[in-house]
Structures are given as C-alpha cells and as structure tokens.
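Read off the chains here:
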Amino acid sequence: MSTVKKFMYVNRHAPYGSIYALEGLEVVLIGAAFDQDCCMAFIDDGVFQLVKGQDSSASGMKNFSPTYRALGDYEVTRLYVEKESLMERGLTKSDLMELTYEDEDDDWAEKPSIQIVERSELGRLMEEQDVLLNF
Amino acid sequence: MLHTVNKSPFDKNSLKTCLSHSLKDSDILLIEDGVYGAIKDSAMSGDIEKALTDRKIYVLESDIKARGIDSSRLVQGVAIVDYGGFVELAASNDRVQSWL
Chain F
423 MSTVKKFMYV NRHAPYGSIY ALEGLEVVLI GAAFDQDCCM AFIDDGVFQL
473 VKGQDSSASG MKNFSPTYRA LGDYEVTRLY VEKESLMERG LTKSDLMELT
523 YEDEDDDWAE KPSIQIVERS ELGRLMEEQD VLLNF
Chain H
18 MLHTVNKSPF DKNSLKTCLS HSLKDSDILL IEDGVYGAIK DSAMSGDIEK
68 ALTDRKIYVL ESDIKARGID SSRLVQGVAI VDYGGFVELA ASNDRVQSWL
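Protein chains in written order, with the working numbering: chain F, 423 to 557; chain H, 18 to 117.
No lab work stands behind these hints, which were simulated from the structure alone.
All C-beta atoms, glycine included, are put in the ideal place defined by N, C-alpha and C.
Please note that a few of the clues may not be correct.
[Stated by the list, open to error] Just some of the chain H residues that point at chain F, by a computed CB distance under 10 Å:
1) S25
2) F27
3) N30
4) K33
5) H38
6) L69
7) T70
8) K73
9) Q114
10) S115
All chains should be built: construct the whole structure from the sequences, respecting the hints.
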C-alpha cells in the first residue's frame, strides 16, 4: 500500500480568461484517481469558478462548470472557498453552485462539499498539507 | 514552508495573496517578475516590511540583475540568494508552494 498524501489544489484564477482553472480541475481528478487525499481551495478570482448559471455556449468555449459536480464521486469532498474573496467580489454563498457528495463513511447522506472559510483559517489549512499545487 | 512568487505585484495579486496566507517563519522567495515586489518606496514595500517582521524574504540574484535592480533599491531586510541559495531553500523547507 503506497502512502496517501494530503493534496490541496489552490485555485486563484477565473474560469474562461485563462487555462488555469480547467487545468487545475483536470489535475485534481488525476490526484483523486490515484487515491490521494485531495481538497481544493478557491481564493481571489478562483471563487468565480464556482458561480452558478455559467453558459459559455455563445463564446464557443466549453462550459466545464458541470465537472465540479463530479468531484464528489471522486471523493473530493472538501472545497474551501475563502470568505473574504467572495465578499471582495460582491458574492455570497448563494451565488455558488450547490455541490454535494455522498458520505460513504457515515450515513450515505448527500452533504455539501463547499465550506466557506476565513483567510486566516485557510492559511492554517495550507500548512497541514503535504503537497500544494497552485493554479 | 517555502513560498515562491513569480509575478509582479503591480500586475497580479499573487504576492499579496501569498503574504496574506503564509504563516510566521515562512520563507518567501521572489523570482522572475516577482522581484519587482521587493523594491523600496513602492506601493508594495509597506506589505514587504510588515511581512519581514516574522518571515524571511529573498530575491533571486540573477532576476534582479537581469532587470537592472541594484541591491540598494531593495527593501531593507530582503536577502539576495543565487541559484545555490534557491536550492538550499527548497531543500531546507519540507514543502514548496508556487504562487502563480
């Protein structure tokens, strides 16, 4: 049995203006496929990745926002969204997609994946990780 | 933890976000356009001075030289390292986080 490491994928870019967000999402799924302990953080413009109602059809770009809904099936169950970053952008939790996972370790209930955390808490969470990958 | 920042703080908020998320005793290494963040009397220098009270900040020598930044132009307390110093920082810290 190989060692499981704690990975955090830190997302700081908005979804369509650059390739960071899509690549970050793909790399998380790779980490999860290798059975690592993966979580994600969304700070700065990264919080825009989770805004609901994205429709990129008229721009000709792929709308990859539905992929975030699959994260729960890959056991990526913790999506930390920074409170200050939301506030700075005039957003609240209700502007974000409702992402859930099925709690296999407890009661198999659908539980929310998104956790709103303060900046100071996020700094502490980063320190707990074995590997940090920024996008 | 070692944090590296490779973007100018006057273009991107990578450095600001790094400073607000790094904990005390962290090492912060400015590379590439990140070195512009260490220039004194800039809009950024106050944040750098504040961070220097409980963290160490370094700039990569070859990147300041390439950009014509003399060591006298840096915020006091910022240390200059060469490539060997970069390797030592990477080796002496248990983890590295690259702010892009």
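So, going through the hints one by one against the coordinates:
Checking S25 of chain H against chain F by beta carbon gives a least distance of about 15 Å; that is not within 10 Å, so the hint is violated. Nearest Cβ of chain F to the Cβ of F27 of chain H: about 16 Å, over the 10 Å cut. The hint is violated. Annotation: interface hint on N30 of chain H holds; nearest CB of chain F at approximately 6 Å, less than 10 Å. Taken as an interface hint, K33 of chain H checks out: its beta carbon lies about 9 Å from the nearest beta carbon of chain F, inside 10 Å.
For H38 of chain H, the suggested interface contact is upheld, since its CB lies about 4 Å from the closest CB of chain F, less than 10 Å. Annotation: L69 of chain H was flagged as interfacial toward chain F, and the flag is violated, the nearest CB pair being 17 Å apart, outside 10 Å. Taken as an interface hint, T70 of chain H does not check out: its beta carbon lies about 16 Å from the nearest beta carbon of chain F, beyond 10 Å. The criterion of a C-beta within 10 Å of any C-beta in chain F is not met by K73 of chain H, whose closest approach is roughly 16 Å, and the hint is violated.
Checking Q114 of chain H against chain F: minimum C-beta separation of about 4 Å stays under 10 Å; hint holds. Of the supplied interface hints, the one on S115 of chain H holds, with its beta-carbon coming within about 6 Å of a beta-carbon of chain F, less than 10 Å.
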